[in-house]
Amino acid sequence: MKHFKHTCLLIAATGLIFSGCRKNETIVPPVLTPVTNPEPGAPYAGLYMLNEGNMGSNKASLDYFDYTTGIYHKNIYAQNNPSVVKELGDVGNDIQIYGNKLYAVINVSNKVEVMNVADAKRLGKIDILNCRYITFANGKAYVSSYAGPVKIEANAPIGFVAEVDTTTFQVLRKVIVGYQPEEMAIVGNKLYVANSGGYRVPNYDRTVSVIDLTTFTELKKIDVAINLHHVKADSDGDIYVTSRGNYRGIPSKLFVIDTKRDEVKKTFDIGASDIVISGDTAYVYGSEFSYNTGKWTITYNMVNVKTETLLNTNFITDGTEKLIKMPYGVTVNPATKEIFVSDAKDYVSSGTLYCFDKTGKKKWSAFTGDIPGHIVFVKANK
Amino acid sequence: MRFIEQSCSLTKGLLCIIVYATWPATNTLAQQADTIKQKALREVSVTAPRATGEVSPGQKMQAKELGRLGSHSVADAIRFFSGVQIKDYGGIGGLKTVDIRSMGTNHTGVFYDGIQLGNAQNGQVDLGKFSLDNMEEIALYNGQKSNIFQPAKDFGSAGSIYLTSLKPKFAPGEKTHLRATLKTGSFGLFNPSLLWQQKISDKIAASFSTEWTSATGRYKYAYKVYDSLQKVAYDTSAYRRNGDINAVRVEGGLNGVMNRGEWSAKIYYYNSERGLPGFIVNNVYGHVDRLWDRDFFIQSSFRKDITKRYSILLNGKYAYDYTHYVAPDTAQLPVNNHYRQYETYLSMANQYALTNWWTVSLSGDFQWTKLDADLKEFSYPTRYTTLVAAASAVNFQRFSAQASILGTFVNETVKQNAGAPYQQKFTPAVFISWQPFPAPDLRLRAFYKRIFRMPTFNDLYYTEIGNRFLQPEFATQYDAGITWNKTFTDKWFTIAGIELDGYYNEVTDKIVAVPGQNQFVWSMMNLGQVKIKGLDVKAKAGWRIRQRLDMSLKATYTFQRAQDFTNPGDLFYGDQIAYIPRNSGSLILAADFNNWEANYSFIYTGERYNGKENKRENYVQPWYTSDISLGKQFSYKHTHFHITAQVNNLANQFYEVVISYPMPGRNYRFILTVNI
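From first to last, the protein sequence lines stand for chains A and B.
Going by numbering that gives the first Met the number 0, the first sequence opens with residue 0, and the numbers climb by one from there.
Going by numbering that gives the first Met the number 0, the second sequence opens with residue 0, and the numbers climb by one from there.
No wet-lab data here; the hints were simulated from the structure.
Beta carbons are placed, not taken as given, at the ideal position from N, Cα and C, and that holds for glycine.
Pairwise CB distance ranges (calculated):
#1 Asn291(A) - Ile481(B): 50 to 56 Å
#2 Gln620(B) - Lys264(A): 56 to 62 Å
#3 Asn566(B) - Lys264(A): 41 to 47 Å
#4 Gly293(A) - Asp373(B): 23 to 29 Å
#5 Gln528(B) - Asp164(A): 50 to 56 Å
#6 Asp371(B) - Asp257(A): 47 to 53 Å
Please take these sequences and the hints and turn them into a complete structure.
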């Protein structure tokens, strides 16, 4: 039986070599990095950054930059909400604040995550299939969704906008809009939503739907251009709409719609992948890929929204744009006018958030989660 | 009549060579016993042309060993080889592809009965589709099979897997073999199969094999996560949905021998419908996507020694693959696509023996491949590939060497849009082997190979993603190894062997997906450089206890440092590439006692990252599974039965190989085989 003993020993030894290697799976803790000097009295106490994460990877994540300490907190959601199964979810697409609540639209997870602004702890979730963007008015949230009924002739579902009660998180009403609706803006009692038709390549949608908020019906479809995406309102009744183009012959453009007449009144022939309006200035960048040449064109520009003129200058003035591989979001701090640009790089590794002062000089940068793209500012408690 | 678990059905005198060339002949003793019982066996046919001595041994597993591992598919068995990683999406119907030495799944060539299985569309062969039911041997070669008398295609991959189906072999007086098998167990598996072999004449034998696989694919998975205080943060479990499969495989073949030659013909049909269970992320626990596959091919091979010095080998194949993919999710873009892939392949290989130690060969292949798909603005590409390989081998008692050069010429035409430009590449390979001492126990060997993989049709033409400007992706391999094998005739210890390989690979112009304007639109680019340093270790031992209990042990260990050196500016520069563990290994312990057999197998995959960047968020825990099986053979009135019971993933470990695709926990399988 000696050999039998040897055999047993061998099995046991092999077991030992390999055992003990697997530990408990734990929540990934936040990474805290001081990135700038503390500003205890800052008008905005901080900002939340929603990172999209690559589709199917469940890597949507939330970061927080604290102005009062100058510390960037990367990946805070899981730590603050350890009991939420599979964390924040898959592909974060929009983040906004309304009242004391923080809303994160998690596209592939088919939900809007509602959290406390103060600590990003979960208050609830709103289940909406294939949800994209969120905006607010009169105590209601409006969420755009790709997932309406399938229209046979189009072979892709038509989209809708859902009206959601911000206290009960219940969907109250729905209105069918165009195909694959994206961002919305509200001017007066009207909601404007950009319909992309991105699922219907090459038969893109080319309209902005105008919704009456009282009746919650579509008043009109404004013909603009193919593959629309962002919608931002300025302070004097105009909305700015971006078109992605078709990555081939038709380039990305920026359009201005007069909301009194609900018509396009001006077109800017500039690449417009994202836009933010702060005061009288719109900050725009374009990152355009062409299948014809296999090349990228990245541009930065500014528009005076009062005079509706192109300023033809980059808002980054110190050459930092050369370091930015794939601009994926632009935001401006409403008080300090600091400009924030996020870099998604190759979409499958940590991104970078750049902070520029109002003259376009880099103040600091921080590593973010994967595909940083959506920022919201948190007002300081007075 | 009885089926021979064919393995070392070779004469005893050849045994030492086989042990050298055939890694790992685990159950040598048991098989020897079988062989003796079977008396003189006559091979009607052999798979490969006569080997002139493999300079670089492959890793092999034969029917008997495959049977006792109880693996369901070829992919499950290959996990026990060293230097490979299986990308496994889980379940019976889940996609399973093989990455050899971290060069990427597209660099792996898969050959079925000597002819390559093509997939011009995505360049990957789903090894989960290939059943072990009628498999005689699975072999894996790094570089290439170091045999110069082979089609030019066989020189054309960075690593190759050869699947060889069972060949009829009849003992004197035998005319018919019939074997029926039923497998059942977890996942709602119902898997009956039938094998029929018939001797038609002294020179021709026919075989027919069919199999039906039906499974619900339902299995439990769980995610348990702890918080920083090691208290359970969440603990959830659910059942995998939409993982069902219904597949039928039918295969028929003829094998013939002639004066100084042999021939074979084969027809293959596979038809399946399956659900694609998809990724599991927050708030999403099921998908509705479905896939239909219909694969058909007919192939034939002919080999003859024309003169004492000159031999030819002819191969031909026609294949038609149909895929229908439906994603009926009304919340998403509804997809309903049909793909049709056509392939015709012709090859001629010539070998001429200049002297009794020096041979030269010349092979020429032509392949025509066409893809039709009802995608918008699809290009409808056709690829014409011509391959020419010239090779030479010298074989001495203690030294052998081979050198080959492969010329690849690729033309493409498209019906619309623009086609990829003409490609013409020449790639060399050199293999040497040296036995330093008169005793044949120890051998040293080395190889160098440079090869590339063409961009696939998806890489080039997939609507909205493809990039026709793509260049081939190159892989360069350097390998040095040592083999030591010894058989003992008079000791309780019967066999021992160890094999070590150190290697360095470089993948350049790697084809990677890069994002387009948003993350849902990507494009393919030649962007990527990976350097791989690795060590493969294989060890085996066999011993016999009290003349009755035969035991064998086989262990493998793989170390791989595969680093991304694409751009020094990247955060992940120098990081280990995604899904490649630094440490991995396997172990198989088998025991035979009278008519009983027991098997324990273990697989270990070390920690790794599920993204390019080696950061905490991408960290993936190691996983390791233990499988056990117990089998017994018995006879009743000339009918032989074999029953096996298995428990896989004994420790019920929940893990993921691919992010968001949970693998099954503990599962069971029962197999009944009847031989008439």
